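Novice: This is what each chain is made of:
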Amino acid sequence: MKNRLKVLRAERDWNQQDLADALGVSRQSVNAIETGKYDPSLPLAFRIADLFALPIEAIFLRD
Amino acid sequence: MTSWNKLAPYMQRYTIRVLLFMASYMLILTSSLAFARGGTEHAQATLIGLALISALPIIGVFWAIFRLLVEIDDEYQRLLFAKQTLLATAFTLVTVTVWQFLAVYDVVTSGPEWMGAIWFAMLGVAGPFARWKA
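Chains as they are written, first to last, in the working numbering: chain A, 1 to 63; chain B, 1001 to 1134.
It should be emphasised that the hints constitute simulated quantities derived from the structure, not laboratory data. Watch out, some of these pointers could steer you wrong.
In silico negatives: residues of chain B with every beta carbon more than 10 Å from chain A [unchecked claim]:
| hint | residue |
| --- | --- |
| 1 | W1004 |
| 2 | A1008 |
| 3 | L1020 |
| 4 | S1032 |
| 5 | L1047 |
| 6 | T1109 |
| 7 | A1134 |
No more than 30 Å apart at the CA atoms, straight line, and that leaves these computed lysine-lysine pairs for DSSO-like [said to hold, decoys possible]:
| hint | chain 1 | residue 1 | chain 2 | residue 2 |
| --- | --- | --- | --- | --- |
| 8 | A | K2 | A | K37 |
| 9 | A | K37 | B | K1006 |
| 10 | A | K6 | B | K1006 |
| 11 | B | K1083 | B | K1133 |
| 12 | A | K37 | B | K1083 |
| 13 | B | K1133 | B | K1006 |
| 14 | B | K1006 | B | K1083 |
| 15 | B | K1133 | A | K2 |
Given the structure is predicted, the values throughout are model-derived calculations rather than measurements. Cβ coordinates follow ideal geometry from the N, Cα and C atoms, glycine included.
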């Protein structure tokens, strides 16, 4: 699944570690989600959406 | 202490548990072997008891490993560790199956032994494979 996480993160001038700390996950996890190697669970997707104050479908896109 | 503080709490708990179980294993095994081989005859029940006591810390390490799978609160890390344990199990099964048939064809004198130790070793071997390009 594609996502806009890298762009949204860059807009806020956050690095991967900043985002990982905000989500309570490892930097490796953020990297895996950003690069599409791993699709997050719904609870984590909602946490990401809450953090960016956006609906899930504005962050995660259908292939 | 800095690197210790950087460890996730679930990894700190896992490390403490494994260290405690391994320390008790060393203590129990050395004292049990010294007692069992002390020169006097022991009842079968005593030897069974010593075997069970010696196995307990190793069972504890297995518990610590599988407890880690439950306690990892980072879902991607949990996925990687689950992959690692499954790969370790697969590598162990391959090893003991080949070893078993080597014993069947009299290439080696005894069949698979110390499977727990093999699994621990394979858990280490499986780590890089599970985390390859992760």
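Novice: Which numbered conditions among the earlier hints are violated in the structure presented, ordered from lowest to highest?
Specialist: 2, 7
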